[in-house]
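Trainee: If you read the protein sequences in the order shown, they are chains A and U.
First residue of the first sequence: 1, per the UniProt record's numbering; consecutive thereafter.
First residue of the second sequence: 1, per the UniProt record's numbering; consecutive thereafter.
Honestly, I wouldn't trust all of these hints.
A pair counts as met if it fits within one copy or between any two copies, since identical chains are not told apart.
[Stated by the list, open to error] List of simulated lysine-lysine pairs, BS3-like, C-alpha gap at most 27 Å:
#: 1; residue 1: K225; residue 2: K16
#: 2; residue 1: K90; residue 2: K196
#: 3; residue 1: K246; residue 2: K203
#: 4; residue 1: K224; residue 2: K5
#: 5; residue 1: K5; residue 2: K141
#: 6; residue 1: K224; residue 2: K240
Just so you know, the hints here were simulated from the structure itself, not pulled from any lab data.
Protein chains: 2
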Amino acid sequence: MESIKNRRTIRKYQSKDIPAELLNSLLEESFRASTMGNMQLYSVVVTRDQEMKVKLAPAHFNQPMVTSAPVVLTFCADFNRFSKWCRQRKAEPGYDNPISFLNAATDALLVTQNFCTLAEENGLGICYLGTTIYNPDQIVKVLELPELVMPVATITVGYPDECPEQPDRLPLTGIVHEETYHDYTPEMIDEIYAYKESLPENKHFVEINHTETLAQIFTDIRYKKSDNELMSETLRRTLKEQGFEK
Amino acid sequence: MESIKNRRTIRKYQSKDIPAELLNSLLEESFRASTMGNMQLYSVVVTRDQEMKVKLAPAHFNQPMVTSAPVVLTFCADFNRFSKWCRQRKAEPGYDNPISFLNAATDALLVTQNFCTLAEENGLGICYLGTTIYNPDQIVKVLELPELVMPVATITVGYPDECPEQPDRLPLTGIVHEETYHDYTPEMIDEIYAYKESLPENKHFVEINHTETLAQIFTDIRYKKSDNELMSETLRRTLKEQGFEK
């Protein structure tokens, strides 16, 4: 599994297209992931059409990968198909609630990661767009998602046209806990984040952003409380509109 | 990637232990998954102690894998470590809200699936326990999870002592949509679920459960509306208690 070990996010792609046959076979294999009661509570919308990419881009804050990648995949939590089947079989579905959203989102995210691994193993590069859950309402509209369908992940895919440095990761001991969660002391926090803070690119980041610490770039610029609260509202509203908060 | 294609859930394990070195190296590799802004918003609690497994079991409806697997892993959405770092660096974190939970849960679930792939690639077998989000309050207590930490996935791991049949999957065309979501007609639903309904084990299931249709086993026995509503309440309450609904 060298591809997982050596993976890096790819944001620049060759103009070369991805054959439908390859894409479908990777998707089909990805559906082997564990799924709640074998219900397969997900759908995938494939975007290849340039016009559709342009329509999707604003929901992803116009990140250039959306319009430059040959393929954009939107993975959705989907209780619509299953509920329709139930109704057609004299069974009354009860999946219009938060736990069902989380079940379906889990199913969808396991498949998303499976797809990414398979894509990378086959020479493709991917970029995971975290923006999907920030503007789900816009994506619902563009992709015409019905009730009980909610977008949870977007991946841009293509043949890599770059090979960026691998980003740093926190030390294993900062993430893994034995038997119970051992909460972090100030000393442990210093230790866990020391390497990240020592990196020249992060020091440069602090300099050009005129902040005092690296953490302030996250709290004051990239992932602000006020933005998070606004996006939480959009998330709540969209979950309600999509029927997961009955 | 034959291991993804051929994968099956393993519920029976050899008594053979998993060396800590192997487990740690698989976990470390799994942390290569995409993560929101490279924040790594997850923690993993490793359970090897038999007493701890016994304590965890009720939260997972006493499924026997919890006490019989050599290792149980609980993957948690974690904004605690990151927020502590922020505070220690004169930065005010704003991650006590639903979107931050979903960001962290996404990070954790991508890592979970990555770990499963790596484990299976290395000859281990896994079982994904969907029960984690049904009784998160119990897991929080047993594993002593602090505020801004929420369990989202549990995996039992060990060397396989069985090789069950691969379960069926819905046809690709029932899951993948081109450009926009094409909602299902009754004919499409019949077609998509025809193979599943034709399987002898599913027909047998209907017979022994005395239901009229396979779908009724899901709606009336396995995933009931009343249970989903109760579990949604527990989910909401636990998210609040863990500080993600400020």
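Trainee: Which of the listed hints are broken here?
Mentor: The structure conflicts with hints 1, 3, 4, 5, although it agrees with all the remaining ones.
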